[in-house]
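Participant: Throw the hints in and build the complete structure from the sequences for me.
Per my numbering, the sequence shown starts with residue 6, numbered consecutively.
Because the hints were derived from the structure by calculation, they are not lab data. The model shown is predicted, which means the values in this text are computed figures rather than measured ones. Take the hints with a grain of salt, since some may be wrong.
Computed spacing ranges between beta-carbons, pair by pair [said to hold, decoys possible]:
#  : residue 1 : residue 2 : range
1  : Val17     : Asp114    : 25 to 31 Å
2  : Gly59     : Val17     : 15 to 21 Å
3  : Leu107    : Gly59     : 15 to 21 Å
4  : Gly49     : Ser101    : 49 to 55 Å
5  : Val106    : Glu24     : 34 to 40 Å
6  : Pro45     : Lys75     : 14 to 20 Å
7  : Gly59     : Pro123    : 24 to 30 Å
8  : Glu108    : His48     : 50 to 56 Å
9  : Gly46     : Ile68     : 18 to 24 Å
10 : Ser101    : Ser20     : 37 to 43 Å
11 : Ser20     : Ser110    : 30 to 36 Å
Calculated lysine-lysine pairs in the DSS-like style (CA-CA distance at most 25 Å, straight line) [unchecked claim]:
#  : residue 1 : residue 2
12 : Lys120    : Lys23
13 : Lys75     : Lys23
14 : Lys70     : Lys23
Where a beta carbon is used, it is the ideal one built from N, C-alpha and C, also for glycine.
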Amino acid sequence: MSDELQGNVKYVSVSKIKEGHYVVIDGEPSRVVSIAKSKPGKHGAAKARIVAVGVFDGVKRTIIKPVSDKLPIPIIEKREGQVINLSEDIVEVMDSETYEVLEMSLPDDPSLREKIQPGTYVEYWLMLGKPKIVSLKRTRE
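Facilitator: Written out as C-alpha cells, the structure reads:
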C-alpha cells in the first residue's frame, strides 16, 4: 500500500468485512455492497469476492482476496460545518471547529440536494482527505 494511505487507514482481515462496511480499493474509499466467500479447495485457501461502490465517484469495483489477507479500511472523520456558498455542483462549507473552508460536490440524493442553502449546517465525512456531505444538521439558534 502506498505511504500516503498509511495514516488515514487501518488494516482489517478480509474475513471480518461485511456488507455496508467501507474499504479502500484502488486508492478509492468504497462501500461494500456484496461479499461472497468460497470454501477452501484441496490446494488453496478460502477466498472472498468483494463488490464495492466508490463513495466519491460511484464506480463499482470488485476485488478477490484470500480470507486471511488484510484490506485497508478508511478512517472516517465525522465533522460539522456551515454552507457559505453554493454554485452549480460545488458547495463551500466552513468547518464549525477549525473555521477552514472546504469545497465539496453536492450530494447525489435529490431530497438532500434541494435543502442545502447558504447558512444551513451539514454533517460531512472526511475519508482519505476528501470531504463528502452526508446529512443536514438542525439549524443553530
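Participant: The hint says 24 to 30 Å between Gly59 and Pro123; measuring C-beta to C-beta, is that right?
Facilitator: Holds - the Cβ-Cβ distance for Gly59 and Pro123, about 28 Å, lies within 24 to 30 Å.
Participant: Indicate whether the distance between the beta carbons of Leu107 and Gly59 respects the range 15 to 21 Å.
Facilitator: Since the Cβ atoms of Leu107 and Gly59 sit about 19 Å apart, the hinted range of 15 to 21 Å holds.
Participant: Are Val17 and Asp114 spaced within 25 to 31 Å by their CB atoms?
Facilitator: For Val17 and Asp114 the Cβ distance comes to about 28 Å; the hint holds.
Participant: Using the C-beta atoms of Gly49 and Ser101, is the stated range 49 to 55 Å upheld?
Facilitator: holds, 51 Å
Participant: A range of 37 to 43 Å was offered for this pair. Does it hold for the Cβ distance of Ser101 and Ser20?
Facilitator: Once the Cβ atoms are compared, 38 Å apart, the range 37 to 43 Å for Ser20 and Ser101 holds.
Participant: For the hint 14 to 20 Å, verify it against the beta carbon of Pro45 and that of Lys75.
Facilitator: Given a distance of about 18 Å, which is inside 14 to 20 Å, the answer is holds.
Participant: Can the suggested window of 50 to 56 Å be confirmed for the beta-carbon pair Glu108 and His48?
Facilitator: Given a distance of about 52 Å, which is inside 50 to 56 Å, the answer is holds.
Participant: Verify the CB-CB distance for Gly46 and Ile68 against the hinted window 18 to 24 Å.
Facilitator: holds, 19 Å
Participant: Hey, Lys120 versus Lys23, does the alpha-carbon distance stay inside 25 Å?
Facilitator: violated, 32 Å
Participant: Given the hint of 15 to 21 Å, check if Gly59 and Val17 actually sit that far apart at their C-beta atoms.
Facilitator: holds, 19 Å
Participant: Do the alpha carbons of Lys75 and Lys23 lie within 25 Å of each other, as the hint requires?
Facilitator: Judged against 25 Å, a Cα distance of about 13 Å means the pair holds.
Participant: Should the hint that Val106 and Glu24 are 34 to 40 Å apart at their CB atoms be regarded as holding?
Facilitator: Holds, since Val106 and Glu24 (Cβ atoms, about 35 Å apart) stay within the stated range.
Figure legend: structure checked against the earlier numbered hints; the only hint not met is number 12.
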